[in-house]
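Starting from the structure of chain A, add chain B where the hints point.
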Amino acid sequence: MFKQKTTEQIKAATRKTDSGSHAFYNNPKYRAVIYQTLLIAGLAYFFYTIISNTLGNLEAAGIKSGFGFLDNAAGYDVLMSLISFDSTDTYLRVFVVGFLNTILVSIMGIILATILGFIFGVMYFSRNWLIKKVSVVYVETFRNIPLLLQILFWYSAVLATLPGVRDSLSLGEAIFLNVRGLFIPQLVGQAGSTLVYIAIAVAIVAIFVMRSWAKKRQDATGEQFPVFYASLGLFFGLPLLATLITGIPFTVDYPVLQGFGFRGGITVIPELMALTIALSVYTGAFIAEAVRAGIQAVPHGQTEAARSIGLREGKIMSLIIVPQAMRVIVPLLNSEYQSLVKNSTLAAAIAYPDLFNVFVGTALNQTGQAIETIFMAIIVYFALNMFISFVMNRFNNNVELVGR
Amino acid sequence: MANTFKSDPIEFKPAEAKPAPDSTVGIVAWMRGNLFSSIPNAAFTILIMLGLANVIPDIIDWMFISSTWSGANQDACVGDGACWVFVKAWSQQFFYGSYTTDQIWRVNLSLILLFVVIVMSFTLPASYRLKVSVPLFLVLPFLCIAILDGRLVGLEHVNTDFWGGFSLNVLMAAAAIIVAFPFSFLWALGRRSDMPLARSISVVFIEFFRGVPVLALFFMGSVMLPLFFAEGTNVDKLVRVWIVLIFFMSGYMAEVFRGGFQAIPSGQYEAADSIGLGYWQKTLLIILPQVIKVSMPNILATFVMLFKNTVFLLIIGIPEVLQTLLTALSNSNWLGGHAIEGYVFVGVIFWLCCFGMSMLASNIEKKLDTSHRN
Numbered sequence: 003m004f005k006q007k008t009t010e011q012i013k014a015a016t017r018k019t020d021s022g023s024h025a026f027y028n029n030p031k032y033r034a035v036i037y038q039t040l041l042i043a044g045l046a047y048f049f050y051t052i053i054s055n056t057l058g059n060l061e062a063a064g065i066k067s068g069f070g071f072l073d074n075a076a077g078y079d080v081l082m083s084l085i086s087f088d089s090t091d092t093y094l095r096v097f098v099v100g101f102l103n104t105i106l107v108s109i110m111g112i113i114l115a116t117i118l119g120f121i122f123g124v125m126y127f128s129r130n131w132l133i134k135k136v137s138v139v140y141v142e143t144f145r146n147i148p149l150l151l152q153i154l155f156w157y158s159a160v161l162a163t164l165p166g167v168r169d170s171l172s173l174g175e176a177i178f179l180n181v182r183g184l185f186i187p188q189l190v191g192q193a194g195s196t197l198v199y200i201a202i203a204v205a206i207v208a209i210f211v212m213r214s215w216a217k218k219r220q221d222a223t224g225e226q227f228p229v230f231y232a233s234l235g236l237f238f239g240l241p242l243l244a245t246l247i248t249g250i251p252f253t254v255d256y257p258v259l260q261g262f263g264f265r266g267g268i269t270v271i272p273e274l275m276a277l278t279i280a281l282s283v284y285t286g287a288f289i290a291e292a293v294r295a296g297i298q299a300v301p302h303g304q305t306e307a308a309r310s311i312g313l314r315e316g317k318i319m320s321l322i323i324v325p326q327a328m329r330v331i332v333p334l335l336n337s338e339y340q341s342l343v344k345n346s347t348l349a350a351a352i353a354y355p356d357l358f359n360v361f362v363g364t365a366l367n368q369t370g371q372a373i374e375t376i377f378m379a380i381i382v383y384f385a386l387n388m389f390i391s392f393v394m395n396r397f398n399n400n401v402e403l404v405g406r
Numbered sequence: 003m004a005n006t007f008k009s010d011p012i013e014f015k016p017a018e019a020k021p022a023p024d025s026t027v028g029i030v031a032w033m034r035g036n037l038f039s040s041i042p043n044a045a046f047t048i049l050i051m052l053g054l055a056n057v058i059p060d061i062i063d064w065m066f067i068s069s070t071w072s073g074a075n076q077d078a079c080v081g082d083g084a085c086w087v088f089v090k091a092w093s094q095q096f097f098y099g100s101y102t103t104d105q106i107w108r109v110n111l112s113l114i115l116l117f118v119v120i121v122m123s124f125t126l127p128a129s130y131r132l133k134v135s136v137p138l139f140l141v142l143p144f145l146c147i148a149i150l151d152g153r154l155v156g157l158e159h160v161n162t163d164f165w166g167g168f169s170l171n172v173l174m175a176a177a178a179i180i181v182a183f184p185f186s187f188l189w190a191l192g193r194r195s196d197m198p199l200a201r202s203i204s205v206v207f208i209e210f211f212r213g214v215p216v217l218a219l220f221f222m223g224s225v226m227l228p229l230f231f232a233e234g235t236n237v238d239k240l241v242r243v244w245i246v247l248i249f250f251m252s253g254y255m256a257e258v259f260r261g262g263f264q265a266i267p268s269g270q271y272e273a274a275d276s277i278g279l280g281y282w283q284k285t286l287l288i289i290l291p292q293v294i295k296v297s298m299p300n301i302l303a304t305f306v307m308l309f310k311n312t313v314f315l316l317i318i319g320i321p322e323v324l325q326t327l328l329t330a331l332s333n334s335n336w337l338g339g340h341a342i343e344g345y346v347f348v349g350v351i352f353w354l355c356c357f358g359m360s361m362l363a364s365n366i367e368k369k370l371d372t373s374h375r376n
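Note that the protein sequences, when read in sequence, are chains A and B. The numbering used here puts the first residue of the first sequence at 3, with every later residue one more than the last. The numbering used here puts the first residue of the second sequence at 3, with every later residue one more than the last.
Please keep in mind that the hints were generated in silico from the structure rather than gathered at the bench. For glycine and all other residues, C-beta sits at the position ideal for the given N, C-alpha and C. Mixed in with the good hints, there may be bad ones.
As the list claims (entries may be wrong) - Cross-link-like lysine-lysine pairs, in silico, PhoX-like; alpha carbons within 25 Å at most:
hint : chain 1 : residue 1 : chain 2 : residue 2
1    : A       : K317      : A       : K134
2    : B       : K295      : B       : K368
3    : A       : K217      : A       : K317
4    : B       : K284      : A       : K31
5    : A       : K135      : B       : K368
6    : B       : K133      : A       : K134
As the list claims (entries may be wrong) - Covered stretches of chain B, as calculated for chain A (at least 3 residues, CB under 8 Å):
hint : segment
7    : 47 to 53
8    : 180 to 187
For reference, chain B alone in the conformation it holds in the complex:
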């Protein structure tokens, strides 16, 4: 067939591609497609726009334009806007509580140590990452306590009554989740175990700490826990709360780990068995690294929950950031009604931290999604 054509075939020249019609590109087209695609859509768009136009200028005006940024006390706040002087004056309290002012470097040091250890656990070469960062993590809470307390390392002693502010929220949450990690792992193993007694004890433990309101746990920590120790033992308030948070956290994390264990294909267990590994070798060398990897997004989500829950400490009178804010609001020099400024400030700090972590979690999840399905 082909050779019946003329000897010099006409070369096929596609016509130049025409630009897309004006109605499908550019901002107008985008608006037509996404904002005004139908009459109800257009109505909603206009409604929302009107609402935003009503609210947003006022908010911007309150926050930035007619707000007061500099000054020493609330007399400086004369405008209608926000009185950021309030936040500025109390910022040290908000971040560090009543920690001795010239010792604040110790709090900073603890936070930096925490940051360094976290970064190391991501950046170290994979060959010895776990071997280095796991012990570091486990030592960290106690090291931070030693630094903050000061007695053990020969620094000025700062009583736990003076610890507070946002740094306490961060350190408390970190210390709780780190210590809860090995425990929750054990509980998860117990729940999957073949031994009926071990299994039922784990189930009861996990369900208890998941089913009870956190506040009840804190009350137990502050009212019942002292009863449990032998007479005369005086356990520090923060330590009691720490214990409660560890138990609470290990209940939730155990369930996260259980999900992780279930996500590991049984072939991995069988392969480990077939090369003759014992139970702990199999669990620690083969399964655990995979479980941690798979459940990382959920671990982060649980951590965000714990971090938000550290605010509950105010109910039992621990001066974390929100308690500090309440103290500041009832201070006789600042009775000008700065509640909104204070709540906005603390809310924004928490939002930045929690949103950042959930972004991180969803990033990790996306990365895992490609590599670990089937």
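Extracted from the complex, chain A is given alone in its bound form:
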């Protein structure tokens, strides 16, 4: 190799390129063209073989490719669905049911994981030795055990040992927890409840308007406005007012023990509980790590500078440390959320009817449409990840360092 070349040889080689009397294949431009042509040709051949093999195999197996099967009746029931579903509905409806279940577990997981992650991440910086150690133990334990093991553990070692229906653990005879799941009361809106929903929407819009107004006013005059308390007041006050004006248009549907099970209220099946707990505890450990990294990335001088200009400790955290830490945390959160959504496919292990389980699992088994079902599922996960990425990038733009 290079070692054996003498200086003279190198000089000779260099001169040759300089003189311009070189073959065309030594020109990087042509080389690039040749390489890429070869690459494309190879890839085309690869895909051609795959596709022709697949078509041949499908034909041999007697499977008709295409999305026609989506209109056929599925013929099986789904354990849990957010929209009405019975076994005569089509595969397309199965797809929608699974999709909604995936969204449900993802959103619950993301919210809980974020809360857990931020709590344990901040706990690491506690001056209390014990609290700090609790945070370390949490992160190191749950990060280093496979998620699937945790899901199965929650499902078959914890939730399966809950008492039976008749001896349910109950909280004020309203919330029941037993081996069949968690039963919670449901708020049912009566006539007039629309006004309350409108009030909630109005409150949210008003909060955003108020925030931008307060910021503008502070930029212009330096006067501060208690945005947090005002938002809190708006968010709870306005709907409350609407409720009172319309004469409390809600009834509460309590779960009641009837025969061998509970009726009424909302039922959270143990599969959903196990999956949500495992996903949020596992991802929470990673988020805690991200939060820790983010806060550690803010130099200590920032805290000292903030103290020296007389900010209170609470204000230092919210105005100085957190905004800077967010710059590190948000990109990490983005990838953690994405992996949470991807990991929700592990529902298959405990038969929670998420998109992957009901569609790629059962529908594929029944129809044999491997390529179509997997393709549709993959598209959904891609879309979800892109959506998360989009939202988090927008958020990231807000927290990013603004060059002036």
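Just chain B now, with coordinates in the frame of chain A:
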């Protein structure tokens, strides 16, 4: 000024240092500073202590004191504690799956070979470390397969259906990352390349394998991959999973390497150019060694992820350790509800391995931190 002082200057004798006040040293001071520094802190401390005092004795009692350690079947478990007899009875299955009992030395040999090659890559003299350990690493997976399968080396043939247990998790993860290494390196180079086509193909590949849930990949491996091969080709289940893991891993590792490439100062590229190295000479002799060094912590972190993900194989029915545990739990002789013992055992094994590797990663990171910043 100085000579206006008296002729014999008084020698300055510092007073003996006084011991630190009692309130700042010792265990009491430590507790006051770290556990009871303020009223809320003290409240939290007491709360956590109470919680631990409630839980820990029970756990210790369950695990050690009232647990059963010896016996042949679950009738031996009479106490309230854990039934470790269950784990003991199934331990061979947990580690080796259903591999033929008198051939288990082959699995051990493979694991030892893996260990030796890893140790060699750290301890060999730097002058020929890469030249020896890179080929060794690349040969290793195939050597292990030959040993485990047995046909090529003239041993008794053990069908892949019998491979399993924790050793399968370890060997699968190792075999996947080793083969993924060169691929991921190529993808990372492709993504950094000036050739637009090569770059976009690499981007699509990397993002595909990072964006798709692993489980979808496994399903593709077990359901779609057979369709891709010509009719009549029968590819072993484990090989299909291996291929999937390699692709999955190379997508993630390509991003790790890309980070590594970006961390190398451009002066290194320019220096390599200026002494007249060609593209591959520059990349392989100058850049790659530095990239591997810089990205070692991330490579380990990715490996930990892959290692944890090998458990997913149970969903497509491969008897890795968790699948073996589920089989054991549903065995008619062991229906006494040993789920917690089993999960704790498997969890602890994984925890030890993954925690060990992340400790190693952070150690390497600390070492690199001093030597490779600016």
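For each hint, the structure was consulted:
1. K317(A) x K134(A): The hint holds at about 22 Å.
2. K295(B) x K368(B): Given that 25 Å is the threshold and the Cα spacing comes to 12 Å, the pair holds.
3. K217(A) x K317(A): 16 Å, holds
4. K284(B) x K31(A): 19 Å, holds
5. K135(A) x K368(B): Between K135(A) and K368(B) the Cα gap is close to 21 Å, so the pair holds against 25 Å.
6. K133(B) x K134(A): 45 Å, violated
7. 47 to 53: With 3 residues close enough to chain A, the hint holds.
8. 180 to 187: Check failed, 0 qualifying residues.
Going down the numbered hints, you'll see the structure goes against 6, 8, while the others check out.
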